[in-house]
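Asks: Sequence:
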Amino acid sequence: MITAFKRQDNWTLIGLFITLLLMIALFSWQTEFFFSTRNFINIGQAISIRGLIAIGLTVVMIAGGLDLSMAAVAAVAGMVTASLITLEVNSVLVGVFGIAAAGVLGAFNALLVVKFRINPIIATLGTLLFYRGLAFVSTGGDNIVVGVNAWSELGRGSWLGAPITVWLFLAVVVMGMCFMRFTVAGNHLYAIGGNSEACRNVGIRVDRLRGWTYVAQACLAGLAGLMLTSQSGTALPSALNGAELDIIAAVLLGGIALSGGRGGLLGTLLGLLIIGVVQNGLIHLNVQIYWQSVVRGAILIIAVTLDSLRRGGGYR
Numbered sequence: 001m002i003t004a005f006k007r008q009d010n011w012t013l014i015g016l017f018i019t020l021l022l023m024i025a026l027f028s029w030q031t032e033f034f035f036s037t038r039n040f041i042n043i044g045q046a047i048s049i050r051g052l053i054a055i056g057l058t059v060v061m062i063a064g065g066l067d068l069s070m071a072a073v074a075a076v077a078g079m080v081t082a083s084l085i086t087l088e089v090n091s092v093l094v095g096v097f098g099i100a101a102a103g104v105l106g107a108f109n110a111l112l113v114v115k116f117r118i119n120p121i122i123a124t125l126g127t128l129l130f131y132r133g134l135a136f137v138s139t140g141g142d143n144i145v146v147g148v149n150a151w152s153e154l155g156r157g158s159w160l161g162a163p164i165t166v167w168l169f170l171a172v173v174v175m176g177m178c179f180m181r182f183t184v185a186g187n188h189l190y191a192i193g194g195n196s197e198a199c200r201n202v203g204i205r206v207d208r209l210r211g212w213t214y215v216a217q218a219c220l221a222g223l224a225g226l227m228l229t230s231q232s233g234t235a236l237p238s239a240l241n242g243a244e245l246d247i248i249a250a251v252l253l254g255g256i257a258l259s260g261g262r263g264g265l266l267g268t269l270l271g272l273l274i275i276g277v278v279q280n281g282l283i284h285l286n287v288q289i290y291w292q293s294v295v296r297g298a299i300l301i302i303a304v305t306l307d308s309l310r311r312g313g314g315y316r
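Counted from 1, the sequence shown has number 120 at position 120 by our numbering; the numbering is strictly sequential.
Worth flagging that the hints you see were computed from the coordinates, not collected in a lab.
Note that the coordinates shown come from a computational prediction; the quantities given were computed from them, not determined experimentally.
Check the hints yourself; a few may be wrong.
What the hints assert, rightly or not - Simulated DEER-style distance windows between Cβ atoms:
#, residue 1, residue 2, range
1, Ile301, Ser28, 17 to 27 Å
2, Ser308, Thr37, 23 to 33 Å
3, Gly147, Ile121, 32 to 42 Å
4, Asp142, Asn201, 50 to 60 Å
Note that CB positions come from ideal geometry on N, CA and C, so glycine has one too.
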């Protein structure tokens with residue numbers, strides 16, 4: 001089953017790569033400054049923060065789950081890390097506590113979905129509102145300005161001409177690909193997404209593995225929140241508000257099935273790049289913001305439609 005899914009993904013990846021090249025060619029033809037090293041670096045930096053969250057979501061969805069609270073978790077983690085920085089807590093502990101706080105929120109998501117068997121869409125829609133509310137309540141809706149700190153170099157620095165955030169994102173992609181392809185747990189996650197009951201019958205710990213995907217997703221969202229705060233020097237309770245739809249669109253566009261058991265991180269990376277190129281190109285074309293929203297919605301519709309076609313049918 002897993003092998004068949006991976007063969008199908010090869011055609012998906014080829015289609016995504018061709019689409020990406022066509023988008024780059026189109027915007028390069030239409031705008032003067034699109035095709036440049038500086039702009040491609042800007043695109044990479046723009047997708048790296050959301051990309052960290054998308055990697056976690058990919059793993060959750062492969063296992064047959066879904067998490068809508070990811071951006072709110074990142075916002076909470078950003079507020080936690082900013083608060084600790086202002087208290088002059090050791091910089092290493094700032095990172096540990098920020099990501100750990102996000103992990104706790106992910107564990108709560110796992111409890112609702114895995115233990116109490118609540119539909120993941122309903123459960124994480126509720127926690128999305130709850131976590132976002134926590135981010136606002138924690139400071140009364142105010143931003144936390146941290147300025148230059150020990151984490152600033154990580155968020156704003158560069159290495160070999162590219163931002164460190166981009167290198168960090170690519171490192172997570174590679175590690176995630178290795179985990180999903182070469183480990184027993186990674187292969188079990190594919191199998192769980194394909195047929196969880198069959199996996200239970202052969203002794204695979206379905207609930208435990210699914211639960212850990214939510215924790216891992218939240219930790220990556222926490223890392224994204226930390227990087228965003230160190231990048232901007234400010235933690236906002238509204239950080240990444242609405243980013244959920246772009247992230248889900250990128251993951252679905254990359255070939256991950258809503259039903260689970262199919263897809264891979266390389267597809268998610270290509271999906272992120274396509275959306276990043278389109279958004280950057282629209283800015284270069286001076287397209288008005290509300291038309292950009294129309295395009296974002298169209299991409300999400302296309303992504304969901306492609307998922308339906310891959311499954312050989314739609315809603316019944």
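Asks: Each hint: holds or not?
Replies: Hint-by-hint comparison with the structure:
1. Ile301 to Ser28: 17 to 27 Å: Distance hint for isoleucine 301, serine 28 holds at roughly 26 Å.
2. Ser308 to Thr37: 23 to 33 Å: violated, 38 Å
3. Gly147 to Ile121: 32 to 42 Å: Since glycine 147 and isoleucine 121 have Cβ atoms about 39 Å apart, the given range 32 to 42 Å holds.
4. Asp142 to Asn201: 50 to 60 Å: Given a distance of about 53 Å, which is inside 50 to 60 Å, the answer is holds.
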